[in-house]
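**Q** Residue numbers (the working numbering), protein chains in the order written: chain U, 389 to 706; chain B, 57 to 317; chain L, -5 to 267; chain Z, 103 to 619; chain S, 936 to 1247.
Careful, some of the hints might be misleading.
Stated by the list, open to error - Some, not all, of what chain L presents toward chain Z, calculated at C-beta under 10 Å: (1) Gly34; (2) Thr37; (3) Gly96; (4) Pro215; (5) Gln231.
Claimed, not checked - To be clear about the criterion: a stretch of chain B counts as covered by chain U if any three or more of its residues have a C-beta under 8 Å from a C-beta of chain U, and this derived list gives those stretches: (6) 65 to 77; (7) 117 to 127; (8) 157 to 164; (9) 184 to 190.
These are calculated hints, taken from the structure and not from any lab test.
Using N, Cα and C, we set each Cβ at its ideal position, and we do this for glycine too.
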Amino acid sequence: MFENDEMILETKHVTRKFPASNNRTLVACDDINLKLYKGKTLGLVGESGCGKSTFMRFLVALDKPTEGKILYRGKDITKMKGEELRQNRQHIQMVFQDPSGSFNPKMKIRDIICEPLMNFRKIKAGEKDAVARKYLEMVDLPGEFANRYPHNMSGGQRQRVAIARAIALEPEIIVMDEATCALDVSVQKTIIELIVGLQKKKNIAIGFIAHDLGLIQSFAHQIAVMYLGNIVEILPGEDIGECAKHPYTQALIHSIFDVKMDFTKQIECAEGEVPSPLDVPVGCPFQDRCEACMEICSREKPQLIPLTEEHLVACHRY
Amino acid sequence: MLEIRDVTISYHGMPTVTDFSLSLEQGQIFSLVGESGSGKTTVIRAVLGLLAGGGKVTKGDILFEGNSLLGNTSEQWRALRGRDISMIFQDSGAMMNPTKRIGSVFVEYIRTHEKNISKKEAWNKGIMMLERMRLANGDNIMRSYPFQLSGGMRQRVGIALAMTYQPKLLLADEPTSALDVTTQAQIVRQMMELRDEYGTSIIMVTHNLGVAAYMSDYIVVMKDGKIEDEGNRDVMIMEPDNSYTKSLLAAVPSLGGVRYV
Amino acid sequence: MDKKTFKKVTFIIWCALAAAIILTAIFAPVVTGGVDPTSGTLTDALKAPGQGHLFGTDKLGRDIFTRVIYGARTSLTAAFSVVILVFCVGTLLGILAGYFGGIVDTIIMRIADMMIAFPGLVLAIAVAGIMGASIKNAVIAISLVTWTKYARLARSLVLKIRNRDYVAAAIVTGSKTPYMLVRYMLPNVLPTMIITAATDIGGMMLELAGLSFLGFGAQPPTPEWGLMLNEGRSFMQAAPWLMIYPGLAIFIVVVVFNLLGDSLRDILDPRDE
Amino acid sequence: GSSSSSGTDASGAADSASETTTSDDGGKTLTFGCQNYGAGGIDPAVETNQAWNCMRYGIGQCLFQFDDTMQVQPWLCDSYEVSDDHKTWTFHIREGVKFSDGCDMTAQSVADSFKRLFTDGESGSSAPEKYLEKEAAITADDAAGTVTIVTQTAYPDLTKNLAYPVMAIVDVADTQDYAHGTIGTGPYVAKEYTEEVGYTLTANENYWDGEVPYDSVELLYMGDASAKAMALKSGQVDLVENITTVSDLEELEADENYTVTIANGVRCGFAYINQGGILGNKDLREAVIQAVDEKTMCETTVGGLYTYGFSVLPSNLAYNYDKLSNPFEYNQEEAKAKLDAAGIVDSDGDGIRELDGENISLKFITYENRALSTFAEGTQQLLAEIGIGVEVNNMDSESEWNEMVNGNYDLCSSNWTTVGTGDPTEYLDNWYGKSTANYCGYENEEYDKLYEQLLVELDDAKRTELITQMQQVLVDDAAVLVHGYYNSSMISSKAVANANIHTADYYWLTTEITPAN
Amino acid sequence: MTKKQLGIRLIQMVVVLFGISFLTFILTYLAPGDPVQAMYSATGIMPKPEVLEAAREELGLNQPMLIQYGNWLTACLKGDFGTSYAYHKPVVELLVTRLWPTLKLALLSMVLMLIVSIPFGMLSAVYKNKWIDYLTRGITFFGVSVPNFWVGLMLMLFFCVKLGWLPVVSSNGDFKSLVLPAVTLAFAMSAKYTRQVRAAILDELNQDYVTGARARGVKESNILWKNVFPNSLLPLITMFGLSVGALLGGTAVVEVVFSYPGLGNLAVSAITAYDYPLIQGYVLWIAIIYMLINLIVDLSYIYVDPRIREKR
Ligand SMILES: Nc1ncnc2c1ncn2[C@@H]1O[C@H](COP(=O)(O)OP(=O)(O)OP(=O)(O)O)[C@@H](O)[C@H]1O
Ligand SMILES: Nc1ncnc2c1ncn2[C@@H]1O[C@H](COP(=O)(O)OP(=O)(O)OP(=O)(O)O)[C@@H](O)[C@H]1O
Ligand SMILES: [Mg+2]
Ligand SMILES: [Mg+2]
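Kindly produce the complete structure, drawing on both the sequences and the hints.
**A** Have a look at this one:
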């Protein structure tokens, strides 16, 4: 996949288990192998609680997997500690979901944007104002905003500030956890455009989490579909509508409400509910809700197998 | 059936929604869309007389079946709420006492409106309602606490509660925005069946234009506490002439739509 | 006047009153005209208020007014010492426990559990009993128990924001731990802690007065309100002014500081943000 | 109301209304509020305070008792003989006396009771050997009903010693619990004891000396004098001893519903001066005594509860107070001058004088009784005026005693009965260099010599002369900080008649005290 | 709470108790004064050094501190808290006789406190910013601003001395003598608790489910009594458990004021008498009582709150 592109990060067999009550374990991520390429976007979709955030937090070392390795340019970041880890943070930044929760309410925008630079002593205190203006303008905000507090801004503006902060260190990778889901659609659109523009300009790799397949396919180069801690399908971003193979991916596609859809047709949806991550069934995790469930599905867990070079699926039907 | 006439709603004297009018017929589904803070919740809460802290209708009138709601006594409100007009919320689970079982909530609710019904009968009625909302194993659910149910289930229980007395009007405040896409589809389907089965009118608040478009007969677009645009669904979606509506529609991502890369 | 200015005005009023009390204590010698609170003329014993002694005199002919005014010094110094001590220690430990979690948290909180299982007065009595009765030991004793409250509070406030995105963001952008503690955790807990501290001044004063009343706090001839009440107790009926004025002094000061704390909460409450 | 001096009948009894407290079962009950001494024990052998308790509560009695002129009268002994050398004493035990458990009190049981003192009381503060030497041979003759005591040293008057509460006769054969259930011959019996609360006493059914007026007595401990006054006023108790807040006492005296009796003071309130500490310095000691205005304190500060005097023996006793001279009359200026002259000056300007380079801070231990702590605080205030620091340590009487025994003080409040055995010998022992009771470390050859003479002198006039000289030695040596002489009191409500305080403060609950009707 | 959690909780309690015992031991160990000397001098005379030395030997006071602590602890575990210097009685016996009066006092004042604070707290919350709220808050303000011993003395002056209804000295511990100490204790506590009740009810009234119930037409009285009130009990129970600590401490002052024969009074006199074994015993006991009560509170909390009870 993306032969011409440089692979900068690779996760190998990443698994995260949380101890739960009654001696049970919650497997939030189960043997995840994904790759990030320079200047490309990896979209991660799945239902709430399937482990997307847990996985993405590994990349920025806010948490550590219980098993597996995460290699950034060959170095395992799960093994890093202290100053080494801190230095490594320059390369991987993150934008959070809730634009109101990701800023210290007591700090001015200027200080927020310059904080990463100050942390690595890249600028002096006196340069703050100019630098903040530069980055604000980069995310299409007026430079005067440097003097504001986060609560004096709208959600969309805040999310721009968050992006400005993330790119300040000129990272190679930015992780975005549902970075637009708290925003209105019109704002969401401008943010996505901004992100895409910046990505092109600075050649950043992006890991983007979303619920919305429609949104993700609009700018992701590669999409990973996650279900109950497992990656069930990895496919190229372009033609997800046509080539999605996994029944879960298809169910997701069918559940999308779209203004261009046929309003007379009954909406299709997968029956049932996502099981609790504590009770992941043996075999295929999707078996309970799958219309094409076979006998083998309840016995054996399907492995990701390549259909084409860029399209992998974990389903016994393929 | 419901007519909102030129209503202005203020919080602490600050008008938040101004000159809002709307008229709804039996069996219609209306959607209120618009960006957050535009006053959608405020409007439908005003209909049920449940404006939060300091909210007041300062101008205009709200008529339900010809009667003004604004002068209602608390007795009259009680008779109306949960009977002729019901409401479901973004998270119906949070709208139930977390320390009571679903059953108790049902029983309390039913016995509020039917004075002479025994607990047992109320309980059975609850089970019946749950099963009508295609929630199998009603008895089990009745014995559960809200936090023990998944989001989708809780929302369905909320709908079952709201539909107990087959209200003429159902107000829904973003009933699906906390749900996953697959569950959202299930709930939307179910709400549409309500209209078909019971002839319930629905006012649906959402910021998902897709859902609004799919469900409703009539769409009202709000902006800054005012109606920006309104019209029948097909007109609004297919041939909008308001620029704001157009930009909203253009912003909705869709499969096979714009790709930036 | 809208609500906010009203709140501010009340706050300023209480601040002014508190300042007046503190100034009275500081300038006690001026206020009392240089009368020594610990000396008196034996023959002037138990004079009723009036006649050159505004609040009367006690059994040793000491001027009650002077003693009440000087009492503010003792009480305020002691109460402030307790509050400042527990504020610093409790906040620091609470932040550390909340931020680092794990073993640090366990150790600090188990110690706190231990101290909190000592009812405040019980430990105070024990300390006084063992180290000897004095106002200093009373301060130590009360502090030993009270810091847990601050530690718990600080910890819970830290835990509330510990998993907030903006804390994660700050870590991701490469902030160092001391910086996190000082720039993120501390400002977050400070307002609530300050409110609590302000409100607690009154409570501490009452506790210290209680200890002195029992004989485990200030010792004679220190002018201290609790002690004065204890001394006045024998003359409750014959010379009620011995109990009335120190009692009133405690009441007024506690009320002022309580209200100051309350109005500080009104204007500082983080919930309003 | 009425108040009367020692001994004379309280006229209040006559006009008091006919209100007799009756308990639930119809019996008569007296409620009595008093201070708790000696941690509530009533064993005469272990501690002086407990011996006093035993007698004050009407539980134990001695062979002799003191009348209100401090003369010895027979009690459990009806007659006695003494040999010319004052070494062989034969006591005839009163017939028909029974212990409260119904056993007869025989000569043998009296002898056993004395003997027990020397075994059980060996390490306690009762110090029985102060009243009767250890070497004395005690023999009983049950047939004759006599107890014979042969001593090695001559006792001027052993009967006085035997009247002292420590020498109370207890039933050695049957007492199980000496601490709270000593069996004696008195009108009341300790029935129930609750720590810190008090005793329930019941009438001794076998009492030998007439009828016991009350069926039961609720004895309640009240530490604080104002509590006593309030309890009395509220009707919670009928009778209390020693209210030491002047204002309360005056108010009660003025109220016709209460009877106050006050005894002539034979008690001396004073502070021991610890010679082992900084006050070993005589100049300092003198200055201290001279700087303290005891007269005003007695008359004003404690409102006349004390009669002023400068000697360790009360002025109203026949020990020549008038002939004594006081070189250290209150005079602060002179005191200051004396200190200055002795080089005890305030060189660092903090208002406190230094001795050997250290600020003088006297540790004054005291306890909350008979206004002693007030004296301590007054002293503190007065000494501050001449630049001497005092740290007052107010504790309970137990701890104070402990601190005193440990020598952990400079000044130590005390209030002693000066003529506990009808004679000050035992009291004066406090300053005798070789005494075990000398807790202040005072030593003076002259005093010791006089004391040793006193111990063997039998002639009354000569004894008085010796005692006078000894007093003067103590005064001249600035050995004691004397406050004054305490006047004990007993206060009763109109439900109680004849509640008098006795000069010898050993007899509180007597059969004299009766319901008013 | 599962058995395992209960087990963990109990182990934690033991650890904390262990710590407390060590702390009390250290405190008394470091205290000035020699216990043997104190023990002897309590009887009035100073024993000879040989006697003291022998007694130290016998009591094991010559041994290193940790061994002494170990000995003391083992004795404690066997129920032997030593012998009081001042009372010459086993500490346990003294504590046992005083326990019930103090518990009685604490219980009565708690009942009084609940009777007063719950209705007033609720009224105050329901009629927030109405005159009744202001009045209640005013009174509670007074309650938290006056020293409780002062209140006690004033009550005593009025009810005992002026009116003569109740005894001044509560030493016999019957019901009559219990009233004023309990009222005094309850006074300040009720004030505090009324405020907490008010806050808890207000908190609960702001919950979404109240809106939900209103939207369903449920009567306000039902919302208040059947939903809000029971739910607000949960935080109140916890506060109640914590206030027990203050109560147990507060009893000491009130017991002294009224000469009530409780643990607090005993402790105060133990301290004036430097009666270390008794102080140690007292502190340990209070700690145990306090922890047991809070364990019960936690258990009841867990029992009452289904969110904790039924969590899967
Ligand atoms: N610290 C934790 N302790 C225990 N369980 C956790 C923890 N963090 C996450 N989980 C569990 O792991 C699972 C995956 O959580 P995660 O937040 O990664 O989901 P998500 O896919 O990001 O969901 P959403 O779309 O709602 O953000 C969930 O079931 C969650 O409850
Ligand atoms: N209790 C209140 N007091 C004061 N202002 C309020 C209150 N509730 C809502 N508002 C204000 O009224 C406006 C409309 O709020 P409303 O909740 O109706 O918006 P909405 O369209 O439902 O938004 P959302 O999509 O975020 O739910 C907002 O600006 C909000 O700040
Ligand atoms: Mg997530
Ligand atoms: Mg809304």
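**Q** Now tell me, hint by hint, if it's right for this structure.
**A** To see whether the hints hold, each was checked on the structure:
Restraint check, Gly34(L) versus chain Z: the minimum CB separation of about 7 Å is within 10 Å; hint holds. The beta carbon of Thr37(L) comes within 5 Å of a beta carbon in chain Z, closer than 10 Å, and the hint placing it at the interface holds. Because the closest C-beta pair between Gly96(L) and chain Z is about 48 Å apart, greater than 10 Å, the hint is violated. With a cut of 10 Å, the hint placing Pro215(L) at the interface with chain Z holds, because the nearest CB-to-CB distance is about 6 Å.
Below 10 Å, beta-carbon pairs count as interface contacts, and Gln231(L) has one with chain Z at about 7 Å; its hint therefore holds. Coverage of the stretch 65 to 77 of chain B by chain U is violated [criterion: at least 3 residues with CB-CB distance below 8 Å; count 0]. Counting residues of the stretch 117 to 127 of chain B whose C-beta lies closer than 8 Å to any C-beta of chain U gives 0; at least three are required, and the coverage claim is violated. A stretch counts as covered by a chain when three or more of its residues have a beta carbon under 8 Å from one of that chain; for the stretch 157 to 164 of chain B and chain U the count is 0, and the coverage is violated.
For the stretch 184 to 190 of chain B, the proposed coverage by chain U is not satisfied: 0 residues have a C-beta within less than 8 Å of a C-beta in that chain, short of the threshold of three.
Checked against the numbered hints given earlier, the structure breaks hints 3, 6, 7, 8 and 9 and satisfies all the rest.
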